[in-house]
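Participant: Given only the sequences and the hints, what does the whole structure look like? Please build it.
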Amino acid sequence: MEEVKNQETYSMPLIGDVAPAFKAKTTQGEINFPADYKGKWVILFSHPADFTPVCTTEFMTFASMQEDFKALNTELIGLSIDSLYAHIAWLRTIKEKIEFKGMKNVEVNFPVIEDLTMEVAKKYGMVQPNASNTQAVRAVFIIDPGTKVRAVIYYPLSNGRNMDEIKRLILAMQKSDKDGVATPANWQPGDDVIIPPPGSCGMAKERVEKEEEGKYCLDWFICFKKDK
Numbered sequence: 162m163e164e165v166k167n168q169e170t171y172s173m174p175l176i177g178d179v180a181p182a183f184k185a186k187t188t189q190g191e192i193n194f195p196a197d198y199k200g201k202w203v204i205l206f207s208h209p210a211d212f213t214p215v216c217t218t219e220f221m222t223f224a225s226m227q228e229d230f231k232a233l234n235t236e237l238i239g240l241s242i243d244s245l246y247a248h249i250a251w252l253r254t255i256k257e258k259i260e261f262k263g264m265k266n267v268e269v270n271f272p273v274i275e276d277l278t279m280e281v282a283k284k285y286g287m288v289q290p291n292a293s294n295t296q297a298v299r300a301v302f303i304i305d306p307g308t309k310v311r312a313v314i315y316y317p318l319s320n321g322r323n324m325d326e327i328k329r330l331i332l333a334m335q336k337s338d339k340d341g342v343a344t345p346a347n348w349q350p351g352d353d354v355i356i357p358p359p360g361s362c363g364m365a366k367e368r369v370e371k372e373e374e375g376k377y378c379l380d381w382f383i384c385f386k387k388d389k
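For the sequence shown, our numbering assigns the number 162 to the initial residue and increments by one for each residue that follows.
Some hints here could point you the wrong way.
[Unchecked claim] Subject to a maximum C-alpha distance of 27 Å in a straight line, what follows is the list of computed BS3-like cross-link-like pairs (lysine-lysine): (1) Lys328 - Lys387; (2) Lys283 - Lys336; (3) Lys186 - Lys199; (4) Lys389 - Lys328; (5) Lys256 - Lys339; (6) Lys283 - Lys339; (7) Lys265 - Lys231; (8) Lys184 - Lys265; (9) Lys231 - Lys201; (10) Lys389 - Lys339; (11) Lys328 - Lys262.
The set of hints was computed from the structure by calculation and includes no laboratory data.
Facilitator: The structure is reproduced here in structure tokens:
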């Protein structure tokens with residue numbers, strides 16, 4: 162019990178919370194978050210340490226997809242509990258020496274935060290003592306243009322993330338915001354979308370009986386429509 166009492170705990174922002182603010186040195190200069198990113202979607206992600214194999218594959222993949230994310234009005238920000246000098250040396254090594262799945266000469270142009278004090282990692286619950294006291298777990302926070310946390314994904318230290326899934330989730334949330342719809346399992350752009358469920362018995366009856374172009378119902382509570 163004494164050990165549990167003495168163990169430091171860290172809170173984390175939840176979906177719908179305003180993203181915790183911070184200022185930090187990065188490989189692309191100082192940033193003031195989220196003020197510098199208002200009006201944009203942001204993927205803020207942490208990695209355990211520089212010069213580690215899984216992180217290297219992740220950074221190469223994120224960097225190779227950076228323009229895809231920019232096209233979605235989305236910026237990338239990385240973080241680990243390492244110095245700026247370690248970040249720079251590691252990113253140079255990636256560009257000059259590492260080839261992975263056909264990717265080579267990869268230059269990481271998005272900012273990577275120096276977080277030696279763990280200030281940012283603690284604000285976002287990226288340090289989890291049962292995993293490690295000295296490394297950030299693989300956390301992903303997706304923050305919307307209004308600076309609210311919209312999605313939180315955690316991965317263990319041993320396993321790399323699926324960047325295509327993170328991109329798919331951005332696309333799905335943008336679709337929901339734009340058209341007021343939900344997206345089903347494994348949704349991809351162009352797939353049918355879900356009409357929000359009715360809020361009353363009368364609306365449920367009308368939902369099923371009313372014919373609308375492109376709409377079809379599996380039951381009163383689950384209706385789809387063709388994506389435009």
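Participant: Taking each numbered hint in turn, which are not upheld by the structure, reported in ascending numerical order?
Facilitator: 2, 5, 6, 8
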